[in-house]
Amino acid sequence: EEPHGAAPVDFLQELPSCQTARRRRGGSQERRPALLGTAGSRGAAARALPQERGELADRPAREHPDCMAERRNIRDSQQAKTEHLSRWKKWRRASSKSLKKALNEVKGLSSYLVLWRHDIHSIEGKFGTGIQSYFSFLRFLVLLNFIIFILMFSFVTLPSIISKYGIFNSTIAYSSPKNIEDICTIYEPSGNKGLVYFYTYLKDLLSGTGFLEVTSLFYGYYSIDAEWISIMRYNLPLAYLLTTFAYLALSFLWIIKRSVEGFKQNLVHDADPFQSYCNKVFAGWDFCITDPHAARLKHRSLQYELQMDLQEEKLKQKIAERRTEEVLRIYSLRIFINIIVIAILSGCFYSIYRVTVFSQENSSDTDNANSQVNLLVQYLPSMVITLANFIGPLIFSFLIRFEDYTPAFEIKLTLLRCVFVRLANIGVLLFSLWSQISDCDSDKCKPCGYNYKLYPCWESDVGQEMYKLMIFDFIVILAVALFMDFPRKLLVAHCPCKLIQWFGHKEFEISDNVLEIIYGQTICWIGTFFSPLLPAIATIKYFIIFYVKKIVLIHTCKPAARPVRASSSNFFFLAVLLIGLLLACVPLGVSIARIPSSKACGPFRNFNTSWEVVPDTILQFPTGLQQVLFGMASEAFAVPLFVILCIIMFYVMALARAHKRVVEQLREQLVLESRDKMFLIRKIAEAQRH
Amino acid sequence: EGGSGAMGGSASLIPRDLLGEYQELTFLSKQEILLAYKRFSELLPKEERENACSARVPKRQFLTLPELRANPFQHRICHVFSTSENNDDSMSFEDFLDMLSVFSDSATSDIKSHYAFRIFDFDDDGTLDRKDLEQLVNCLTGQGEESRLSSAEMEQLIQNILEESDIDKDGTINLSEFQHVVSRSPDFASSFKIVL
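Protein chains in written order, with UniProt numbering: chain L, 1 to 690; chain W, 1 to 196.
These are computed hints drawn from the structure, not numbers from a lab.
Everything numeric in this text was worked out from a predicted model, so none of it was measured.
Take these hints with a grain of salt, some might be off.
25 Å max Cα-Cα, derived DSS-like pairs, lysine-lysine [said to hold, decoys possible]: (1) L/LYS101 <-> W/LYS112; (2) W/LYS169 <-> L/LYS677; (3) L/LYS314 <-> W/LYS169; (4) L/LYS101 <-> W/LYS30; (5) L/LYS107 <-> W/LYS30; (6) L/LYS506 <-> L/LYS412; (7) L/LYS506 <-> L/LYS489; (8) L/LYS89 <-> L/LYS100; (9) W/LYS193 <-> L/LYS100; (10) L/LYS126 <-> W/LYS38; (11) L/LYS126 <-> W/LYS193; (12) L/LYS101 <-> W/LYS38; (13) L/LYS97 <-> W/LYS30; (14) W/LYS131 <-> W/LYS169; (15) L/LYS97 <-> W/LYS112; (16) L/LYS558 <-> L/LYS498.
Work the whole structure out from these sequences, hints included.
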């Protein structure tokens, strides 16, 4: 290629593309005259730069990349142009302008309502946008849980409370179970009758039994069939089910909306947008860092990151040149290590299963004498899960060193494995609970479809397990902050022992913290169906965790050596949260549709399964609508829909491929044009010389 | 225009029509403009605070702002936004508003990438050539001998950057190429931001 410097410089400065760039930046020789002319005048005529005005003329003045004085001129000339428009257009312009102004005012006021704005802003200034994204994520979860709580409360809990206490002339109809054996309907929650110790209250608070079991916190409270709130009939079972679907759908849509906001990329090019060098260099510096110490750390982490990436590129080249024997050796090693990982995971799952079964079998007696042991036995599943969540990642990060991946891939794979461990543990717990509930050998569940002796009201039991998991999670987070982070800081600051100094200060590991709160959120999503007030507890829990984490960050942590980018973090958080949500839908789906609802408590006593309330309601619609709805659920509708969706998908894929080809062709053409330009300039220069 | 039309002796108000004009001409909200005015007048000596709208702050004073003092691009920012006639990079209030408007949350990505290009163009020639990119990377990794990349690493890095962004393969990045590559950069909007 012809070198850039070979062409005479003056020619290049006169090219139209260069001129546009210089005018748009209002280069120094053009800005000064503007200033002299507009010190006081507002109505000065537009300056003569017709080319640029043509491109940007229709944009509002503030989108022009000029200095303030220039923009005043542009605005005045735009207004001058509108003077001769018709009255209708003038009115339209004026009204849209005032509408925009009103919207801006509202936006300005609502920015005061944003929770923790100042706290997050100060964290951003001291620690950068990577860690700030964690706290924004936490704030998002607080809001999400609060909205879910409002939803459940207003549609499920509030009507029940209103009708149970007869406010607003409301009456209640308790369902008298029809066609069910009486033995299935016996349910006596212990509700603390008589004289009890204070300790029992504490134990009940921690395990959700006793007095808590009969409150509106759990499913068993809502044993209502229908309510009349001053002559209007309110179908509580239907409302309960639909609200469950509504909060799942709301969470799904909100998460998708947030991930789309941060990821407006057109993926025409193959390269990974997060790993590109341009992204790291041009968008590398956080302009919001205000602390010089944090700036020094940022410099160092940027240097480290760039060097690591360059080394990794060299490593990739080496990997591509590997010989066959080495490749075979490495792959067999990886398979071996994956088998070890699977073995460890199975060990975890099996132990959770055994412990859950043991805990369920041994905690059904209410013997107060063994209260401490009883509490311990009840919390055993939570403890084992927390232990597994803690040990698993340590083992994974140890094992992955032997698998010889590139550093970036190592991080991703370890993260994936940790996510899997955390979410699968909840699934195993629920699975073992269900195996107990539907334990149908030796006719234990003949009359009712589930193990009615041990679990007369099994939904409340599942709700209690979720409640215990959430409380224990919260206690562990507080305990770790109090008993591990602060002592560590004190030790490192005051004890000169070499071993302790080698440990060093704690780094704020964003991925671990995020997985922690996503685990809590998955529990909340699953548990809300069985315990409608659980989102309130989750809101309070995350609210307190925000302050705890903030204090831990500011007082004990040093920023991580490896830089974390806000955009890839955000995308990662939301992707894992989405996985958690989809995983939460599976147990809920099974509970609602497969397992028979308990006949002794709850709004679905008269139905075989919880889902049945929907077909039941549809059968009460007019026949025309019924036929439409049943038609939509039949194969005659689903198969053509599937075929049409496939056709649309293939069309869109073909379109994307065609666009990609066009882009490649245009790129090649640009390169050729540039070469032509250099060639012509050289020829002209040569011709000039002669 | 000109003096503060305030009652009650508080000299820290902008006249309302000027405030409205600033709101129209920049991406800032009313509260942000008022906060900017307050911070700007704090940079001025007491006797000049009455006329803050038309005063100029010398560069050295301006760089004591916490938002800029830790920024490796502080000199370039002052140079790009300053409309001073004697090239001393001093900043007036309107220059300050310009700067905050470009760095605000609501600025369009076009404007941000345009000004980012100007800030990164260290020799002011309208393109980012190898020397500009080298200076840019050195700004990122910090001042000081041990924090710079080795020349082999720098060469490799600049090669990679040009490969990704130089579409017409002329060895430099012009404005359109820069805007194109930055529009596909997911971090740019969140990192190119200054909020008072």
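Each hint, compared with the structure:
Proximity of L/LYS101 to W/LYS112 is assessed by CA-CA distance (about 23 Å); at most 25 Å being required, the pair is judged to hold. With a CA separation close to 12 Å, the supplied pair W/LYS169 and L/LYS677 stays within the 25 Å bound. For a cut-off of 25 Å, the pair hint linking L/LYS314 to W/LYS169 stands: about 23 Å separates their Cα positions. Restraint check for L/LYS101 and W/LYS30: the C-alpha separation of about 11 Å stays at or below 25 Å, so the hint holds.
Note on L/LYS107 and W/LYS30: the hinted pairing holds, with a Cα-Cα distance of about 11 Å set against a maximum of 25 Å. Annotation: proposed proximity of L/LYS506 to L/LYS412 holds, straight-line Cα distance about 22 Å (limit 25 Å). Between the alpha carbons of L/LYS506 and L/LYS489 the distance comes to roughly 8 Å, so the proposed pair stays at or under 25 Å and holds. About 16 Å separates the Cα atoms of L/LYS89 and L/LYS100, which keeps this hinted pair within 25 Å; it holds.
Using a Cα cut-off of 25 Å, the hinted pair W/LYS193 and L/LYS100 holds, with the two alpha carbons roughly 23 Å apart. As the CA atoms of L/LYS126 and W/LYS38 are separated by approximately 23 Å, the hinted pair is consistent with the 25 Å bound. A distance of roughly 15 Å separates the Cα atoms of L/LYS126 and W/LYS193; the hinted pair therefore holds under the 25 Å criterion. Among the hinted pairs, L/LYS101 with W/LYS38 is consistent with the structure: their alpha-carbon atoms are about 23 Å apart, no more than 25 Å.
Restraint check for L/LYS97 and W/LYS30: satisfied, since their Cα atoms lie roughly 16 Å apart, inside the 25 Å limit. Between W/LYS131 and W/LYS169 the alpha-carbon distance is near 16 Å, which keeps this suggested pair within the 25 Å criterion. Distance restraint check for L/LYS97 and W/LYS112: the Cα-Cα separation of roughly 24 Å lies within the 25 Å cut-off, and the hinted pair is therefore satisfied. This hinted pair checks out: L/LYS558 and L/LYS498 have alpha carbons roughly 19 Å apart, not beyond 25 Å.
Against the hints set out earlier in the document, no violation occurs for any number.
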